[in-house]
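Asks: Below are the chains, spelled out letter by letter.
Protein chains: 2
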Amino acid sequence: MLNFDLYTPARIVFGRGTQGKIGELIKPHAKKVLLHYGGGSIKKSGLYDTVVKSLNDAGIQFVELGGVVPNPRLSLVHEGIALCKKENVELILAVGGGSAIDSAKAIAMGVFHEGDVWDIYNEGLDIKKALPVAIILTIPAAGSESSGDTVISNEETGRKYGYGHPLLRPLISVMNPELFFTLPKDQVANGVADMMSHIFERYFTNTTHVDLTDALCEATLRTIITNAPRLLDNRKDYDAWAEIGFAGTVAHNGLLGMGREQDWACHNMEHELSAAYDVAHGAGLAVLTPAWMKYVWKDNPDMFVQFSINVMGVSKGIRDKEEVIREGIARLQSFYRTMGLPQTLEGLGIDGSRQEEMAQKCTGHYYGKEGAIGGLKKLKWQDVYNIYQIAR
Amino acid sequence: MLNFDLYTPARIVFGRGTQGKIGELIKPHAKKVLLHYGGGSIKKSGLYDTVVKSLNDAGIQFVELGGVVPNPRLSLVHEGIALCKKENVELILAVGGGSAIDSAKAIAMGVFHEGDVWDIYNEGLDIKKALPVAIILTIPAAGSESSGDTVISNEETGRKYGYGHPLLRPLISVMNPELFFTLPKDQVANGVADMMSHIFERYFTNTTHVDLTDALCEATLRTIITNAPRLLDNRKDYDAWAEIGFAGTVAHNGLLGMGREQDWACHNMEHELSAAYDVAHGAGLAVLTPAWMKYVWKDNPDMFVQFSINVMGVSKGIRDKEEVIREGIARLQSFYRTMGLPQTLEGLGIDGSRQEEMAQKCTGHYYGKEGAIGGLKKLKWQDVYNIYQIAR
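Listed in order, the protein sequences are those of chains A and B. What the first sequence shows, in this note's numbering, is residues 1 to 392, in sequence order. What the second sequence shows, in this note's numbering, is residues 1001 to 1392, in sequence order.
Hints are computed from structural coordinates only; laboratory data are not their basis. Each residue gets a CB set at the ideal place from its N, CA and C atoms; glycine is no exception. Mixed in with the good hints there might be a few duds.
To be verified - Here are the simulated distance ranges between beta carbons:
(1) B:PRO1229 to A:PRO166: 55 to 63 Å
(2) B:ASP1005 to A:GLY59: 17 to 25 Å
(3) B:LYS1128 to A:GLY59: 17 to 25 Å
(4) B:PRO1166 to A:GLN343: 42 to 50 Å
(5) B:ASP1005 to A:ASP186: 26 to 34 Å
(6) B:ARG1230 to A:PHE112: 43 to 51 Å
(7) A:GLY17 to B:ILE1318: 39 to 47 Å
(8) B:ASP1057 to A:GLU356: 48 to 56 Å
(9) B:GLU1178 to A:GLU178: 45 to 53 Å
Start from the sequences and build out the full structure, keeping to the hints where you can.
Replies: Dropping the structure here:
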């Protein structure tokens, strides 16, 4: 086990009716907030009215900024920063999924940053201060409700960058599984693929003597795999949503990766897909993850045997490592297929024309830096290219 | 799954050499601290010198108060409160195990409480403020390094009471498994029994649809059961200690009990043993837990079947529920025996003379209140008495 520093301050307020408490939850922390969200869905569902009433009842003033889109954009972040400065906002309340939250975090740190907030992403600058962020989660997927991470797309340069800092960990995250009942099937599936990937990125490691986090990762993955298919037939299954929603938070609050060298190659490879083709992040991960597994398992077969047996339920009796691993990967692909996720890049609507470019961007080669991604296996751009090829 | 509110703000700084960082970790939060600890062991081991050097290097002033004993006492808490007020202490640094930490938390809230701090325990008063507490953990067991709980013994009345509040959650907890190398065997075993009980108290529930926390509880229990025996032969096994130490924190930070009705009968019953006979908390739990299981399993056999199979590794093939459960309990007792823990009250040096009194104190009957303890099965004083009888 490696040394680690675990910091999970976000207060998770979970369950039926909790969205109506947001005003009272925020009250000790702010008198004026920015209400930040996406499109009209929260207005149609009545959630917007509930939030506004709760803020009003608690005597909290607010200004609002809607219009967050998937793969949230820098231009809206700029707008939010200007608004917060002008209106002396003390806290940002994101109502939505990972995109609204990531955008809120960008605004939260941008308010105190002299110069363009994009520089923080681009240059990995250390921040000293950020506004507190509170959340009402409407899509369980990104885990951004508990993490200190944010991913923003710069629509001018076509680049999508992540940034993480403890100051960006949300103050309060409200999660009511009932709010997930209206999600369309593809968003359910994409969310599930994303949260599973957050665990995979931490789970697949060469670090030894990590029994506890191994077992916690496996427990969380099995819970997701068992409960997600229940949502295909009944998207109003509160119990299944409660497991999935809670699992999505646990997946990405940091705990499961403590003491382990982490990987993150699949996320890096997927960010290139999303930036180039604007595909759904989870769908991209569902395509790339099995391809990555097929390419890297030989670097640590025991880890993949463990995954196949403990997570995918492959029989220990098979003995032959390669057979066990191939069966484990096949079962994962079969699970993704059951969830209606694409199996190939082609299925994502991506042809082969930009794979070399994406691979080179992914590792920095394209920008003149000879980098590598991944932990379990270090991947250079040629490796990434090969994985894109496997995923075609 | 029940609605829940999860708040785990304690920053866990984990691994080799971390105790030397304490000054730098505290520096942003306080200029003057109370250094609170037990006996001479931290002086003998050199830990005291490391801490003093680290505080000096960071320019942090300190006053000190040693003398914490197991089942920490109210009188020393009073002394600490007076010292903190006189010296304008801004943070309490506990160096030790659960006793030093619980004592530090009592002082931390006592500083701001008008009147006797014991009233907070006795009457369950709501607190508004507490000094921050930082920790260097030397005994993994109580989980107090991440919890908001404190247990104090009033040596005048012979009563031992617990209290919990989010404001008592530690700010920073430093944990270096190397500091556990010198623990005597009985403290290793007691600590393991205590952390397992923290999970059992959350795990055994009648709440349904709690797949994720079920699986996380089982994962953590299995990790403890696998790694603890390694310490019997080699108490300098860093890897095993890292698992046990981390598991002890996860066991009691709150996560594993979210959304579940919890039990806590065994802890309540054990507090009476400790108060009456000053036995080690973990040893008392190891005696009472199997007795409790034998008395209550019929109220929720499926929960105990799940425990027996998923935690204790009993074969699913046995089919007969009672047989599976009895085998599961027997395996747990066998594990405790392997760890050198006592099997009976007699083995703890407790005769039958005060069992009725303890049972009546435990549920409040003795004090004229007709209460019950437990969640999975509500236990009145007669039930508690029966469990003490089974444990004889």
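Asks: Is the distance from the Cβ of B:GLU1178 to the Cβ of A:GLU178 consistent with 45 to 53 Å?
Replies: For A:GLU178 against B:GLU1178, whose Cβ atoms are near 48 Å apart, the range 45 to 53 Å holds.
Asks: Is the distance from the Cβ of B:ASP1057 to the Cβ of A:GLU356 consistent with 48 to 56 Å?
Replies: 52 Å, holds
Asks: If I claimed the Cβ atoms of B:LYS1128 and A:GLY59 lie 17 to 25 Å apart, would that claim hold in this structure?
Replies: 21 Å, holds
Asks: Assuming the hint says 43 to 51 Å, is it satisfied by the Cβ distance from B:ARG1230 to A:PHE112 or not?
Replies: 49 Å, holds
Asks: Given the range 39 to 47 Å, decide if the beta-carbon distance of A:GLY17 to B:ILE1318 lies inside it.
Replies: Cβ of A:GLY17 to Cβ of B:ILE1318: about 43 Å, so the range 39 to 47 Å holds.
Asks: With 55 to 63 Å as the target window, see if B:PRO1229 and A:PRO166 comply at their CB atoms.
Replies: 37 Å, violated
Asks: Does the Cβ distance between B:ASP1005 and A:GLY59 fall inside 17 to 25 Å?
Replies: With Cβ atoms ~22 Å apart, the hint holds.
Asks: Does the Cβ distance between B:ASP1005 and A:ASP186 fall inside 26 to 34 Å?
Replies: 32 Å, holds
Asks: Looking only at beta-carbon atoms, does the pair B:PRO1166, A:GLN343 fall within the given range of 42 to 50 Å?
Replies: Once the Cβ atoms are compared, 46 Å apart, the range 42 to 50 Å for A:GLN343 and B:PRO1166 holds.
In this structure, the one hint that does not hold is number 1.
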